[in-house]
Amino acid sequence: MEDLTLKLKEQIIEALNLEDMEVDEIETDEPLFGEGLGLDSIDALELIVLLEKNYGIKIENPKDGQKIFYSIKTMAEYITEHKS
Amino acid sequence: MVYINGTASLSPQNSLDYNKFLEGIIEYEKDFLQSIKPNYKEYMKPIAARRMSKTVKNGIICSQKALQEAKVDIPDAIIVGTGLGIVSDTEKFLENMLNNDEKFLTPTAFIQSTHNTVAAQIALKIKCHNYNFTYVNRGFSFESAVIDAIMHINEGKKNILIGGTDEMSEHYFHIIRKNGRWKKTKVKNTELLNYTTNGAICGEGVNFFVLSSEKKEDSYSEIKAINTFYKPENSEEINSKLQSFLNDADIKINDIDLVINGHTGNAAGDKIYDDFLQENFENKPALYYKHLTGEYQTANSFALWLGANILKTKIIPDFTRLNDKPISKVKNILIYNHYFNINHSFILLSQA
Amino acid sequence: MIYITGIGAISAIGNNVSENLHSLKNKITGIGKIKYLETNYKDEIPVGEVKMSDNELITALSLNKERAFTRTALFGIKAAKEAVDNAGITDINKYKTGIISATTVSGMGSSEKYYQKFLHTDFANDFIKTHEAADHTEKIADYLGIKEFMTTISTACSSSANAMMLGARLINNGILDRVIVGGADALSKFTLNGFNTLMILDREPCKPFDKERKGLNLGEGAAFLVLESEKVVNEEGKKPLAILSGYANANDAYHQTATSPEGYGPFLAMSNALKNAQLSVDNINYINVHGTGTENNDLSEGKALKKIFNNKVPKFSSTKAYTGHTLAVAGSLEAIYSILSIQNKIIFPNLRFENSIEDLNLIPETKLIENIEIEHILSNSFGFGGNGTSLVISKVR
Chain A
1 MEDLTLKLKE QIIEALNLED MEVDEIETDE PLFGEGLGLD SIDALELIVL
51 LEKNYGIKIE NPKDGQKIFY SIKTMAEYIT EHKS
Chain B
1001 MVYINGTASL SPQNSLDYNK FLEGIIEYEK DFLQSIKPNY KEYMKPIAAR
1051 RMSKTVKNGI ICSQKALQEA KVDIPDAIIV GTGLGIVSDT EKFLENMLNN
1101 DEKFLTPTAF IQSTHNTVAA QIALKIKCHN YNFTYVNRGF SFESAVIDAI
1151 MHINEGKKNI LIGGTDEMSE HYFHIIRKNG RWKKTKVKNT ELLNYTTNGA
1201 ICGEGVNFFV LSSEKKEDSY SEIKAINTFY KPENSEEINS KLQSFLNDAD
1251 IKINDIDLVI NGHTGNAAGD KIYDDFLQEN FENKPALYYK HLTGEYQTAN
1301 SFALWLGANI LKTKIIPDFT RLNDKPISKV KNILIYNHYF NINHSFILLS
1351 QA
Chain C
2001 MIYITGIGAI SAIGNNVSEN LHSLKNKITG IGKIKYLETN YKDEIPVGEV
2051 KMSDNELITA LSLNKERAFT RTALFGIKAA KEAVDNAGIT DINKYKTGII
2101 SATTVSGMGS SEKYYQKFLH TDFANDFIKT HEAADHTEKI ADYLGIKEFM
2151 TTISTACSSS ANAMMLGARL INNGILDRVI VGGADALSKF TLNGFNTLMI
2201 LDREPCKPFD KERKGLNLGE GAAFLVLESE KVVNEEGKKP LAILSGYANA
2251 NDAYHQTATS PEGYGPFLAM SNALKNAQLS VDNINYINVH GTGTENNDLS
2301 EGKALKKIFN NKVPKFSSTK AYTGHTLAVA GSLEAIYSIL SIQNKIIFPN
2351 LRFENSIEDL NLIPETKLIE NIEIEHILSN SFGFGGNGTS LVISKVR
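Going down the list, the protein sequences come from chains A, B and C. Position 35, counted from 1, in the first sequence is what this note's numbering calls 35; the numbers after and before it change by one each time, with no gaps. Position 2, counted from 1, in the second sequence is what this note's numbering calls 1002; the numbers after and before it change by one each time, with no gaps. Position 282, counted from 1, in the third sequence is what this note's numbering calls 2282; the numbers after and before it change by one each time, with no gaps.
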């Protein structure tokens, strides 16, 4: 799980072009959206593709993203549960 | 009356500060000239800039500076001209789409590739709900923004933010070079006028202005008139356009003190400027500037920046002199530009 | 006073204005399976394609086959020529005449076909020159012989509404006497894939303002109008089709792609357009809404409508269920549909609507309404970058 959270942080920094950000600046439990890291609906769409491309997980309804992408932790849990 | 009350420029020269710009020309020997990147962290948080290409960031920086100079928080309109839009993001999305057979595409580059991204991001940044336009007509893109801004002021608006923005990418440069538009080899910008071959020097830049209805103590200059014309047949047509332009602006040709021209090192295109000067302004001092910036669709916005700063400071950089005709006074400047003999324009600037 | 004296259109529901009218009256939708666009999504994503190939357009317009005409330019020439003919113009340069076109991607449909060859091989052809947005405007101007004034606007989905607004202002400022305004956009793989990444493309024909709406369908085409000053209309003794009586552009300044939940930008655009037309909300008989069929747009636009009309929203419908979202063309195409409404005393139905959106309780017109006197129509166009424009089209008294 720890490996996965670290990997996810790296992938998010890369995919969302968060230049100059380090993995330890993203808290595993912190909300990714809104008050937390400050991501928005466009980032959510980026994350949907990230899951599909790297983990083979397809999210059909963008609304489902709200729960899955709440934090790195929830993302990692979802991936572990659904990875094919 | 329309006054320039704020300006800002990011170009391949040190133009963000006119005094620094005056220190001297930055020399290049390159395929195309690229704008100098400011330290973006000084201007915006990385998270806010995460999706922005260079042009968008430069647009935001220049718009901020121009607004600050004019002491305007929220302009009555934001109007941007761009010939090409955001080429880097357009290419990114296009190449991903073609290389991955339409799979695993993400929205960011697509969204950012929209032509009106710069104007929209400025509005978003300063929460400006007013008129927001983007013109995309090759060498008329910036000029359309100026015409629109002047109309707004005539309609009673006070402060209009306008900008010309264009960026060049390696790939698009390569494709357009095939078309004969750019020089086939690297260009030495300080030797631009010595080339006898066809093909222009290519470049990019972002230049912003606040045009206002009110004259201030530190106003740069007044924009007296602007006119655009499309594909003139010959020099007679250009000369007659000049005559009617000056008539409409109610100014005599002898009252023009200085002419700023858009020489690009392209022999065929530069002949048009040389003929124009010889036939109309034989004894007048003249300047050029595209050895500083390279040619691009909205390069004329740099000429406006240069002219405005000359009228304000009365300092004319040596490295912009096209001839050595004596300069006694500078009250009225005519800017003449053409983009590959397709889009021609005149702008008349006067001391504020 | 800005008079509209000529109209021309090509869209998924017709190759000229009268074919468009026929489809609108008879509930014939243009949304269907992709035929011309080359994409992997051919069988998956329905669109509103123009039912003519590039070659058919070139032949119909008697154009030189050797020249590089993008599909966008071909649509533009077709519709602009129809508008100029419709206005009875024989000598285009008799008055100071300009052209303003609008586009989102202009020549992208051609660029994406040749891009890799241009980049990686020695291959070159004239489509190298057609990528820039201005290309299609220049092609139209050259075809019609317009030299006095030209520009191109790109403000996403409000582009051609903005072209109309600029045209009116150029006449009001005495810069031009006559101006051909509109927009042209051909579908491209680039656009289709771009909207697909936003997950807002309905896999079925779209259902604007419906509770179960799943997104938009993309469309294509061109629509142009001739705007003329009072002076020209009087001198030529013309009978105008309609009046462009008000316009306003406002920015939502909320998000790069999404509209604010309360639709502040759309509210501003509509209220400022009414102010500009010196009309009150009671004067509006019908609204051609932007109504794309996306969850976000229809909800925000609906809320803005309720706010501005004090919950008494006039008759309204979205014609995008017929044509798809024609992007830069939507504003001028729907302005032409508004003129057809006024001329024919009809209101076009909002196809496929079943149930209203819960928070809104707004019900668009679902049947063709005939014999209805219409004085003033509000037409909305909202786009990326928070760009929103509303136009008021009025009957000639």
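Quick caveat, the hints were computed from the structure, so don't treat them as lab data. Be a bit skeptical, because a hint or two may be false.
[As the list claims (entries may be wrong)] Pulled a few chain C residues facing chain B out of the computed Cβ check, cut under 8 Å:
no., residue
1, N2016
2, T2151
3, S2154
4, R2169
5, G2194
6, N2249
[Unchecked claim] Straight-line alpha carbon distances no greater than 20 Å define the calculated PhoX-like cross-link-like pairs of lysine-lysine that follow:
no., chain 1, residue 1, chain 2, residue 2
7, B, K1184, C, K2096
8, C, K2042, B, K1103
9, C, K2214, A, K63
10, C, K2096, B, K1241
[Claimed, not checked] Here are the in silico distance ranges between beta carbons for each label pair:
no., chain 1, residue 1, chain 2, residue 2, range
11, C, N2361, A, E52, 35 to 41 Å
12, C, Y2036, B, S1244, 55 to 61 Å
13, B, E1095, C, N2173, 41 to 47 Å
14, A, M1, B, N1100, 41 to 47 Å
15, A, K83, B, F1173, 22 to 28 Å
16, B, K1030, C, S2018, 54 to 60 Å
17, C, Q2278, B, E1095, 49 to 55 Å
18, C, R2397, B, Q1351, 36 to 42 Å
19, B, N1100, C, E2236, 51 to 57 Å
Where is the CB? At the ideal position from N, CA and C, for every residue including glycine.
Hint check:
no. : hint                          : result
1   : N2016                         : violated (27 Å)
2   : T2151                         : holds (4 Å)
3   : S2154                         : holds (4 Å)
4   : R2169                         : holds (6 Å)
5   : G2194                         : holds (4 Å)
6   : N2249                         : holds (5 Å)
7   : B/K1184 - C/K2096             : violated (41 Å)
8   : C/K2042 - B/K1103             : holds (14 Å)
9   : C/K2214 - A/K63               : holds (12 Å)
10  : C/K2096 - B/K1241             : holds (14 Å)
11  : C/N2361 - A/E52: 35 to 41 Å   : holds (37 Å)
12  : C/Y2036 - B/S1244: 55 to 61 Å : violated (46 Å)
13  : B/E1095 - C/N2173: 41 to 47 Å : holds (43 Å)
14  : A/M1 - B/N1100: 41 to 47 Å    : violated (30 Å)
15  : A/K83 - B/F1173: 22 to 28 Å   : violated (43 Å)
16  : B/K1030 - C/S2018: 54 to 60 Å : holds (56 Å)
17  : C/Q2278 - B/E1095: 49 to 55 Å : holds (51 Å)
18  : C/R2397 - B/Q1351: 36 to 42 Å : violated (49 Å)
19  : B/N1100 - C/E2236: 51 to 57 Å : holds (56 Å)
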